[in-house]
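A.B. asks: If you want the building blocks of each chain, they are given just below.
Protein chains: 2
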Amino acid sequence: MALQVQIIGVRGMPEVRPGDDLTALILAAVRGQGSDIEDGDVLVVTQKIVSKAEGRLVDLRQVEPSPPAQEMAARTGKDPRLLEVILGESQRIVRQERGVIICETRHGFVCANAGVDTSNVGKGMVCLLPENPDQSAERIRVAVQERATGISIAVVISDTFGRPWREGHTNVAIGVAGMSPIKDYVGQADPQGYVLRVSTMAVADELAAAAELVMGKLSRVPVAIVRGFDYRRAEGSARELIRPAERDLFR
Amino acid sequence: MALQVQIIGVRGMPEVRPGDDLTALILAAVRGQGSDIEDGDVLVVTQKIVSKAEGRLVDLRQVEPSPPAQEMAARTGKDPRLLEVILGESQRIVRQERGVIICETRHGFVCANAGVDTSNVGKGMVCLLPENPDQSAERIRVAVQERATGISIAVVISDTFGRPWREGHTNVAIGVAGMSPIKDYVGQADPQGYVLRVSTMAVADELAAAAELVMGKLSRVPVAIVRGFDYRRAEGSARELIRPAERDLFR
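These protein sequence lines map, in sequence, to chains A and R. Under this note's numbering, think of the first position of the first sequence as 660, with each following residue one higher. Under this note's numbering, think of the first position of the second sequence as 660, with each following residue one higher.
Just so you know, these hints were derived from the structure itself, not from any lab. Using N, Cα and C, we set each Cβ at its ideal position, and we do this for glycine too. Be aware that a few hints might be false.
Coverage of chain R stretches by chain A, computed from C-beta distances (three or more under 8 Å per stretch; other residues unrestricted) [stated by the list, open to error]:
id, region
1, 731–742
2, 773–787
3, 798–807
4, 891–898
If you want a taste of the chain A side facing chain R, the calculated C-beta under 8 Å gives, among others [what the hints assert, rightly or not]:
id, residue
5, Leu662
6, Gly668
7, Gly736
8, Lys737
9, Gln750
10, Gly758
11, Asp849
12, Leu866
13, Lys876
14, Phe888
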């Protein structure tokens, strides 16, 4: 039997609204297409529907831009209310050039606009990242376990980030539960006995990227099941994927 | 039928040597495990075996370090012969700090040590990136097409790169043939009619990352078949994934 990982897209999710029981919607959609969640699966859920279920939406008409947001708006030509929201989600502006604002979010993620997003949320509204994406992942993990008795899964909350040096965005993990997001090869040797050059793989990011292959941006597939990947069961946290400033050559 | 992408690891590859017919070895291994390559598949091949087949190996005992390499060795404590090889593969040193040398390779990739690698190649030897990874990918693509009549596939050559801000490495595409490495959403709208925030996805990098889930670092799975991914057929080139300096906030 060949070594195989399957990525199963979950279609048929309804529009998610604040207060919805997201796990119930996911399980219904999975079962509605004749699939099921199995022990050892990794459930990858896009940030957008998690944020919507958690009510992380802001109506820009109710935002009063502060003087720093107004000043930034004058410099960039962007909506001062949107900038106010972005600044509120940021602990630091990393770069601000050519109309792009790279922020370090309150969680520590480095991404454009602190993850604040205007697409797929309706006119005048913006969507923020979940308050605590690890907790969001853990809530889904526990709820799946309670409702599908006897199975243990991992959950990854994914978002779409750009990156330096390379064109195009990729999906990465911003929340993790039930698995170690890093596969650690420290001290392990290759078949010739040499210690490996690469010591850690960001498998949670690779899972998020793999899931994106069935999700796309317009196909309304906000959830994917990754089956057959041999991960290390652990509490897990996407914080493990954030490089501390003292180890980062690019801050 | 659920939307599904399969990632099939290819086991049973022999140790690859300079001059080997890599496509023949891959096809034999694929068929040896009862799999086959099908029309529309993406074949992901790790750089290491491509470089070995192409003879991109250097014996450090035959390297004469130049004065710049010797000076760098004195500063970093690294092997001056290895540094000579790294400098030869680089068009620019991007950062050099805390024992890490981030280079821009002659191809334009930004990565540690210009992709020069000491693992899995035997004592005293180092392995370079393929001279032209797109051409390497194209050669495999054409050879598969010739030997498995009537099928059209895409090929991605993958390597393991680190990245700023985030811990852990991920696999990315350094060579592409038969597909567009970027999925372009420019001008497309979400269901509410809003133009998408994210306009381009680096699907070739996501394919490389997905393939890594079955490859690992020690399991001798240097090839994976990705089946069911709906890519855009095109000549393709990993150069499309290199962000030009004028669009990059981090050079």
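A.B. asks: All hints are to be evaluated individually against the structure, with a verdict given for each.
C.D. replies: How the hints compare with the structure:
1. 731–742: violated (count 0)
2. 773–787: holds (count 7)
3. 798–807: violated (count 0)
4. 891–898: violated (count 0)
5. Leu662: holds, 4 Å
6. Gly668: Hint holds; Gly668 (chain A) Cβ to chain R Cβ min 4 Å, cut 8 Å.
7. Gly736: violated, 17 Å
8. Lys737: With Cβ-Cβ at 13 Å, over 8 Å, it is violated.
9. Gln750: violated, 14 Å
10. Gly758: violated, 11 Å
11. Asp849: holds, 5 Å
12. Leu866: holds, 7 Å
13. Lys876: holds, 5 Å
14. Phe888: Nearest chain R Cβ about 5 Å off; hint holds.
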